[in-house]
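S.K.: So the protein lines, in turn, are chains A, B and C. In terms of the numbering used here, the first sequence has 462 at position 62, counting the first letter as 1, and numbering is strictly consecutive. In terms of the numbering used here, the second sequence has 1223 at position 32, counting the first letter as 1, and numbering is strictly consecutive. In terms of the numbering used here, the third sequence has 259 at position 97, counting the first letter as 1, and numbering is strictly consecutive.
Since the hints were derived computationally from the structure, they do not count as laboratory data. Any given hint could turn out to be false.
[As the list claims (entries may be wrong)] Below are the BS3-like pairs computed for lysine-lysine, each with C-alpha atoms no more than 27 Å apart in a straight line: (1) C:612 - C:456; (2) C:319 - A:552; (3) C:531 - C:601; (4) C:319 - C:601; (5) C:612 - C:601; (6) C:192 - A:552.
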Amino acid sequence: MIYFTLSLLLIFALLAIFLKDNLLSILSLAAVSALLAIVFFQLQAPVAGVFELSVGAGLITVLAVLTISFIQTKHEKAQSGALLWALVGLAAVSILFFLFQLFSPGAFSPTLAESGWNDVGLVLWNARAFDLFPQVLIVLAAILGILALLRKKEPVPVVTASVMGTDLKSVPITDVPIADEKDGEEPHWGAAVPGGEEP
Amino acid sequence: MNINLLPFVFALFGLGLFCLLTRRSLVKLLIGLELLGKATTLAIIWAGVVQKTPATTQSIALLVISIEAVVVAVYLALVYAFHRHNQSLDTDDMRRLKG
Amino acid sequence: MMTQSALLESAVAFLIFGTLASYLGGAFFKQRERLISGWIATLATTGSLVYFALLFPSLQAGSAQVALFGFIPWRVDLLGWIVATVGVVLALVVNLYSIRYMEEDTGNSKFFPLILLMVLAVVGLAFAADLFHLYLFFELLAISSFPLVAFRKDEPKPVEAGLKFLVASATGSAMVLLGIALVYQGFGTLDLVQLSTLVVGGPSLFLWLPLGLFTVGFGIKAALFPLHTWLPDAHPEAPSGISAMLSGIVIEAGLFALLRVYFTIGGPLPWPDLLIWFALLTMTAGNLMALTQKQMKRMLAYSSIAQMGYILLGIGITASLGAPAGAPGGLFHIVTHAFMKGLAFLCAGALIFRLGSGQTADMRGAAWKMPLTAAAFTVAVLSLAGVPPFAGFMSKLLIYQAGIQSATTLGWVASLIAIANSVLSLGYYLPAVGVLYSKERSPLVAAKAKEVPFLMAAALVILVVLIVYLGISPDPVRQWAFQAFALLKGGF
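Given these sequences and hints, build the entire structure.
M.R.: Put into structure tokens, the structure is as follows:
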């Protein structure tokens, strides 16, 4: 049985690689993820299965589809509907298959050791707790990195920058008398401020 | 029943590498990376089945899956930044860098 | 007197809290984002360095298990300490330098914390005693460096370089992870110390595949010859401080992790001869490609590939031919290369900072207006080429000696090829220096060049002093390198 799921998984992987349409190939990837989750269930690894289903098939797909659709608003094309339907059909079949598996647990591989949420939690919080340390740092690094990559575009003209009060970035800090910021009247929008010019 | 999933792991990994090496679109690169990730996750879970320590490998798999998502997020942020210059998702547009 | 784990905890805590403080400080005081983030990061690396220095005396006895913060089992040894400390020193200099260098950029409250996370990753993988733990720190290193490479995201080139870097690096990570899964499947443990005892009697044939995957995976990250293609894009396009970090410690970290794995589970396999051939290929290819480069930083990036060849050669000579000086030579070269390549990139960055162009031709005659930068650059490249009395000469000398000591044909050939490569590398270093000291000046130099500001100059001077000091009196650092390998048993 597990071979059947895996073969289906490989077919979807091939689809994901060879389909021309970006959206469809991402959806095929989601199907790969869902099938992998089923494989995990079949291997008596339900925690990894649920996680793969929610993060791999859910979160990553949503992120990717959002980005692609955000980017591709201009040259949007009519998608090949037939393929989409075929895909949805296959996904439906695999979900049915999955439900069938759920209601007959352990029917095909009775030797597999079982481990549920509690066991995994125990391992994660005790035996491998030390892995959570770099994990937290990785998430921190990713947050900082994404913030850095998506920060607002740099203000191009120096004049505008100085009006916005961010002139410190182009002028050495020692050259800017701090008192000026307080007592000087507000500069007009778009007006050139001599202190803000490039030295 | 004797089952061995390693051939599938290598097939999936191979497909991922094939995708990375031959496809010319940022979306396909993402798919290639994801396939590599899925293959390794499967290998990890399978290692737990073989060693009869499913809890350990599942907790490792959890970390791996979440790292995968994190890498994808950073990748998509880069794709977004790339797109603002190029209006395309084609790596052949990456002509500014040679090599 | 603090215990070993307390010292290491303090060193790590400085980096963690530095990361948070640097980000929060910069985010709250938007007006002075760069200064506040930068100075906090500099202070954090300084504090961390102090505790690393205090940690040193306790490492003379060999490796020890510490429980960091009570729950993170690291193994502290001299080998890891040297790599970690070099990373921290380089980060300190880079932070100091970037405070001024990044003045044209926004988002500096993310820039400096990411550098600190990068160092933290180097520290972590220097001491990690578990394969998966090692992998996680590797991933941290990678994820913190992608946004730094693409930091100037409003220009197209850095973003493309970042994408290339990410794809290459993630492929390498996946290979390493697959190797880890296979090791776990074969042995049922990921603890490196346990593995090293299991492997001795275990099935060595089974290890071929994981070891191959580790070699290719870490090889991609360490830019070994056929896997180097991402490096010449990623390193030059990053801000110069980051180029220095990437070339100075990040690729070495890849090599270090590979060696850690080799030393623990590579024992029974006949791999070492291959290392020598790869090393020779890597250095020759790197040097040949560097010869044709028109951009200063691109040239330096290719020269990094060549220098990785030297490090690998040193370690290969000890592993395969048994000459004792090789591996310490490689380790010493990691130390000197971090400083000299760091200095070279920072000098190139200083020139770009003033001139706004990275083309070597645009830097014609810059030495007359930027004497300190040009002098520092000259020191860096002469040291890289292995000219006495600079640090690079001392480390390369050890590697040559090891090849000759081994008294085998392969050793002699390797040493001769390495020496020939050093001469070859002068073929691109000397013209670069010659351009700087040219009598005529390019229009850009005439219009814009002037000496770099104090903070950047200070960073350059620190590295120059380190290079000259290590060149004139290589001991005790050279002794530490010997000691690190003498203490090594089963990878730690």
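S.K.: For each hint, tell me whether it holds in the structure or not.
M.R.: Now the hints, each set against the structure:
1. C:612 - C:456: 23 Å, holds
2. C:319 - A:552: 18 Å, holds
3. C:531 - C:601: Since the Cα atoms of residue 531 of chain C and residue 601 of chain C sit roughly 12 Å apart, the hinted pair holds (cutoff 27 Å).
4. C:319 - C:601: Violated: residue 319 of chain C and residue 601 of chain C sit about 32 Å apart, past 27 Å.
5. C:612 - C:601: The hint holds at about 16 Å.
6. C:192 - A:552: Given that 27 Å is the threshold and the Cα spacing comes to 14 Å, the pair holds.
When held up to the earlier numbered hints, the structure conflicts with hint 4 and nothing else.
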